[in-house]
Every structure is written in structure tokens, then in C-alpha cells.
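First to last, the sequence lines map onto chains A and B. Sequential numbering of the first sequence, starting at 0, is according to numbering that gives the first Met the number 0. Sequential numbering of the second sequence, starting at 0, is according to numbering that gives the first Met the number 0.
No lab work stands behind these hints: they were computed from the structure. Predicted, not measured: the structure shown is a model, and the values here were computed from it. Don't take every hint at face value.
[Said to hold, decoys possible] If you want the footprint, here are the derived chain A segments under chain B, 3+ residues with CB under 8 Å:
hint	stretch
1	84-91
2	184-190
3	201-208
4	246-256
[To be verified] Covered stretches of chain B, as calculated for chain A (at least 3 residues, CB under 8 Å):
hint	stretch
5	214-222
6	243-250
7	256-269
Built from N, CA and C at the ideal position, the CB exists for glycine as well.
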Amino acid sequence: MRLRKPFLLLGSFALVIALAACGTNNATNNGANQGAANTTETETETKTEALTGSILAVGSTALQPLVEQVGQKFMAEEEYSKIAVQVQGGGSGTGLTQVSGGQADIGNSDVFAEEKLKDADADKAKELVDHQVAVVAMATVANKEIGVDNLTKQQLIDIFSGKITNWSEIGGADQKIVIVNRPSSSGTRSTFEKYAMGTKVDDIEGSILEESSGNVRKIVSETPGAIGYLALSYLDDSIKTVQYEGVEATVENVTAGTYPVWAYEHMYTKGEPNEVVKAFLDYMVSDEVQKADVVELGYIPASDMKVSRDVDGNITNK
Amino acid sequence: MKAKNPSPIRMKRHHMEDSIGRIYTTFCVSLLVIIIVSMIYFVASKGLSTFIKDGLNVGDFLFGTKWSPGSDNPLYGALPFIVGSFSTSILAALIASPLSICASLFMTEIVPGWGKRILQPVIELLAGIPSVVYGFVGLSVIVPLFRDIFPGQGIGIAAGSLVLSIMILPTITSITTDALSTLPKGLKESSFALGATRWQTISRVVIPTVLPSILTGIVLGMARAFGEALAVQMVIGNAPHIPNSLFQSASTLTSVITLNMGNTIGGSIENNALWSMALALMIMTFIFVIVVRLLERRNRI
Numbered sequence: 000m001r002l003r004k005p006f007l008l009l010g011s012f013a014l015v016i017a018l019a020a021c022g023t024n025n026a027t028n029n030g031a032n033q034g035a036a037n038t039t040e041t042e043t044e045t046k047t048e049a050l051t052g053s054i055l056a057v058g059s060t061a062l063q064p065l066v067e068q069v070g071q072k073f074m075a076e077e078e079y080s081k082i083a084v085q086v087q088g089g090g091s092g093t094g095l096t097q098v099s100g101g102q103a104d105i106g107n108s109d110v111f112a113e114e115k116l117k118d119a120d121a122d123k124a125k126e127l128v129d130h131q132v133a134v135v136a137m138a139t140v141a142n143k144e145i146g147v148d149n150l151t152k153q154q155l156i157d158i159f160s161g162k163i164t165n166w167s168e169i170g171g172a173d174q175k176i177v178i179v180n181r182p183s184s185s186g187t188r189s190t191f192e193k194y195a196m197g198t199k200v201d202d203i204e205g206s207i208l209e210e211s212s213g214n215v216r217k218i219v220s221e222t223p224g225a226i227g228y229l230a231l232s233y234l235d236d237s238i239k240t241v242q243y244e245g246v247e248a249t250v251e252n253v254t255a256g257t258y259p260v261w262a263y264e265h266m267y268t269k270g271e272p273n274e275v276v277k278a279f280l281d282y283m284v285s286d287e288v289q290k291a292d293v294v295e296l297g298y299i300p301a302s303d304m305k306v307s308r309d310v311d312g313n314i315t316n317k
Numbered sequence: 000m001k002a003k004n005p006s007p008i009r010m011k012r013h014h015m016e017d018s019i020g021r022i023y024t025t026f027c028v029s030l031l032v033i034i035i036v037s038m039i040y041f042v043a044s045k046g047l048s049t050f051i052k053d054g055l056n057v058g059d060f061l062f063g064t065k066w067s068p069g070s071d072n073p074l075y076g077a078l079p080f081i082v083g084s085f086s087t088s089i090l091a092a093l094i095a096s097p098l099s100i101c102a103s104l105f106m107t108e109i110v111p112g113w114g115k116r117i118l119q120p121v122i123e124l125l126a127g128i129p130s131v132v133y134g135f136v137g138l139s140v141i142v143p144l145f146r147d148i149f150p151g152q153g154i155g156i157a158a159g160s161l162v163l164s165i166m167i168l169p170t171i172t173s174i175t176t177d178a179l180s181t182l183p184k185g186l187k188e189s190s191f192a193l194g195a196t197r198w199q200t201i202s203r204v205v206i207p208t209v210l211p212s213i214l215t216g217i218v219l220g221m222a223r224a225f226g227e228a229l230a231v232q233m234v235i236g237n238a239p240h241i242p243n244s245l246f247q248s249a250s251t252l253t254s255v256i257t258l259n260m261g262n263t264i265g266g267s268i269e270n271n272a273l274w275s276m277a278l279a280l281m282i283m284t285f286i287f288v289i290v291v292r293l294l295e296r297r298n299r300i
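So that you can see chain A by itself, here it is in the shape it has in the complex (with noise of 0.2 Å):
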């Protein structure tokens, strides 16, 4: 016994000692806004002279997966051996808050940073810088047994503003139809607000919200009526996909600019990137990753694109 109790002693201090630094980590990584002590950022720019270090991107979790894999080939490849890349969810909001607080180096995001950082925020916005990497384009999808093919952009803002609540009077079948959309401050919800019906509208009654995608193709499958939008990459049998304005939302269509519903991948910096970071950047928008796992997980190479869009929505032809 007597041997045993300060072993416990110190395995409780231990216990105790590393549960407060997660509390004060928390407690940093939350009050986001409170501009805590950049530590990552002072550390990586004191070791660039040997390109190593390490890269902290926060944010969009539909952006995730692929910074995720990128990261790990980025890591793999001998040069950048030294360069460690920590990728973290948390949403868009989360990425653009932690990359303008200093406490990420890259923060992702689905939306432009003007679209969320507005009024007393717009400041922080212009102190960002924008790497497009990919382009992600979303598809209308509604329930296998509708009977419609091709939905207009009135008639989508029709539906989701409540004013036309069933099928039929679009001259599909006679049911009723169910919305399935994102919350409203999803940023692919705003994506398909803006480029799909050009208006925000508001949740009518009755309607479902949900923010997996996942999710949202489980309940579109099963809920007899239901619409909703998903990326291409979600797009499989168990749904219908729906034309918008008679065309159809393909790659080809994206790139070529006669689908207008999409919107780019962002990853921002705060100021121009340091070495480390920008080496990670000038990566992600390299052949070897755009051509590959860019296509692979669903998402259109940013270099594809024949046209351009500004964050006012304004195309502009390559």
C-alpha cells in the first residue's frame, strides 16, 4: 500500500494537469474572437528557413475530406517531410473566425469571407486572402416519385417559399411536397439561394433541416414528395436529379459555365501565406492534386473552369 500511494499521487496530478490544458485549450480555441496569443503561426515562421513546421486548417466540413487526404500526400512526399498538416472541422464560420483571430493558418470556407464577415466584421474580411482550390457544384435531387424532370428557377423559389406545395400544380404527380433543406446558416444553402433561386427565402412549416448530407439523401429517398440539393458527389440511384432550367448538372456543364449552380472551395490566409503554408497551397492547386484527388472525391478542379466568378456573382470567361 505504501508503495502504491504515491505512484496513485502522481498519476492523479498527471490526470488532473492534462485535463486543465484541454480546458485552457478549449477555452482559447472557443473564445475565437478574443485574438489570443498566435502561437502556431510565430512557430512555423521562426522555422521556414528549412521548410519545416506546421500547418493548422480549420473549418468547412464539406472541404474536409479532401484537405484531409492532401494533407496526408503533402506530408508523404519527401521535401515536405518536416511540414506537419492538422486538419479540423468545425464549419465554415468556425474557419473564418480562427484564421482571422490567428489562431488557424488556413481557414476554410464554402462561401466567400465577405458573405459572412459583414458590417462590423468587413474589416477583417479585407485582411484575408482567397486561394480557390476546387469548385463544388450542387444538384437539385427529389424523391424518385415526383414526375418532374426539369424544375425553372421561379419554380424552385416557388417551392421553397411555400407557394406551390404540391406536385401537381408543376404538373407532376399528386404529392405533396416536403422540403428537405440546410440550415440557414449553411453555406450551401446560401450556394443554392444565391445561384439557384438569386433569392434568400425563409424556412416555411412543415419543412425539415438538416445538415449532413448524408442525411439529406436518406430523408429525400424515403419521404414521398421530398426536394432537396446535394453536391454532385452525393448524387447516386436511390435519388432523383433534377434538371434546372432544362439543364442537366453534370462536370461538363459546370466548367463549361450553362450550370450556375456552384460555388468555389475556399481556403484563406490571413496576409499573404508564409513559405510553409503556401508550399501546402501551391500543392493543393497542382496538377498532380487537382487531376487526381480533387476528381476522386467529388469535387471539380478549380483550373477546369472556363469561367469565373467574382463574390458578387459576376462570370467573367477565362
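Could you slot chain B onto chain A? The hints should help.
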């Protein structure tokens, strides 16, 4: 004095062990207090800034029925979520309480032998299942079932509270079982001696005696249901409206917080409004704790 030579050393050692133990416990306790106080401060400071810094009216927040933070004229009414939280947790408690009370009576009064051996591990197992599993089962089994039987999409408060009721079963059952097994033996024996049947003893003697403990269990179960986020979020639908049917999409405070927290910018009004909801949840938890304390006090008499 010389004869007792070893004893002062021993005493010294005992004193040292004593003080080390004392310092260690004091350190742990003060750390715990600091953590709790700072958490309360953190949530309160963020949650209150909605009203202090952003100038939102407390009444508008608590009783406003419209939640549309993204529109040109943003509104931050949290009443639909408060109503959703209360109705799901109260309904869950209503479903779970009779089941739990019967289960614990079964284990302690009716078949204390094999009944307890089989039922207790099963109920403890329920407590260990992760909430995402409950949510997924709810989405895959309960929602389609409700959709076929009742009007509506099956998603809604009914599905949410059914999932929750299974999640809070272990809480209520274990607290009731503990109370029942600590009941003085003489109480039942005197009842039987007076010629009462087992059912009369249970309904007139056992249940009234342990009622405060049963209520404690129910309140704790409701507190758990109130704070549960993930499983409910998957089956309730999350539309920011007060539903007019149990089978229509509704949302709870927790589901709105989890859906939107990551997508909003820290420090913006919308983000602060979400923290205000977290504060409301915390205040509700305090109220639940106070209720439990009051019930326990009654129990002691």
C-alpha cells in the same frame, strides 16, 4: 519519553501524509471550482452580449416566434426552440416514467432474483449506447414507421421524444431502483402483517414513500432530455416554427445550436444569439438542479 522514541517520527509522518492529502484534495477541488466558474462566466458573457452589446430585447428573444437571422430584417425569436425543448423533454418523461417505475418495481419488489439479474444489465446497456446510434435508429426505424401510420413526414416532436424516452430510461430506472432497495424492510413487513396484498403494499406504502426519489429521477431524466442534442436533431426536423402537430417538423434549443454554431462567425449577433440559447439551457439546468435539491430535502423528512 525515551521509551516512546519511535512514536514522534511516526506521528510526524502521519501529519505529513495528512497534510499532503489535504493539499491535494484542496487543489483538486479549487481546480474544479475554477473550471465550473469560468465555464459559467464564459457562457454568460457570450450569451449576455446579445442583449448588452447587440441591443437585442430580452423579451423579443424569449417570446419572439420568428427566427430568421439571414434575412434583410433579421429576427431572433427563440420561442419555437424553447417550446420544442420543453415539449420533447416533458413528453419523453411522460413516456419513460411509467416504464422505468415498472422496471424498477419488477427488479426490487416483484422478481428481485432473476428479474434483477436480467433487467439491470440490459438497462445499464441502454445508458452506454452513443446518442448518434439512437438518432440513426430513430431516423431509420421510428420516422418511417410514423410516416406510414400518422399524417405528416414522421419527423417531429413525437419521434424526438420517443427516442429521448429510451435514452432517459436508465436514469429514471436506476434512481428509482436505488430508492426502492434502500427502503426499510419493516415498512413492507408491517403492511403485509396488516393483511395487505403485494399490490396494495406497492401502491399504498412503497410508491408514496419513495415518491420524492422517483420525482428526482424524473427531473434528472428531463434534464438529460433537455440537454440532448444529436439524436433529437436527427429526427425532429429542425424547422424554426412552433408546430401544430406532433408529427410536424420542430426544433429544440440544442438542435439549433449544433446546426448553426459552426457556420456562424464568432462575435456576430447570430452567433451571440446561439450563445444566449446556451445560456438559457444552462439556466434551465440550474432550475432542474434546484428542483432536485428541494425534492431531496423533502425526502429526508
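Comparing the hints with the structure gives:
Figure legend: the stretch 84-91 of chain A, annotated as covered by chain B; annotation consistent (4 residues with Cβ-Cβ distances under 8 Å, at least 3 required). Residue count for the stretch 184-190 of chain A with a Cβ under 8 Å from a Cβ of chain B: 4. That meets the three needed, and the coverage hint holds. For the stretch 201-208 of chain A, the stated coverage by chain B is satisfied: 8 residues place a CB nearer than 8 Å to a CB of that chain, which reaches the threshold of 3. Given a C-beta distance limit of less than 8 Å, the hint that chain B covers the stretch 246-256 of chain A is violated, as 0 residues qualify and 3 are needed.
Counting residues of the stretch 214-222 of chain B whose CB lies closer than 8 Å to any CB of chain A gives 0, which falls below the minimum of 3, so the coverage claim is violated. Coverage of a stretch by a chain is defined here by at least three residues with a beta carbon nearer than 8 Å to that chain's beta carbons; for the stretch 243-250 of chain B and chain A the count is 3, and the condition holds. Using a Cβ-Cβ cut-off of 8 Å, 11 residues of the stretch 256-269 of chain B lie near chain A, which meets the minimum of three, so the contact claim holds.
Taken one by one, the earlier hints fail for this structure at numbers 4, 5, listed in ascending order.
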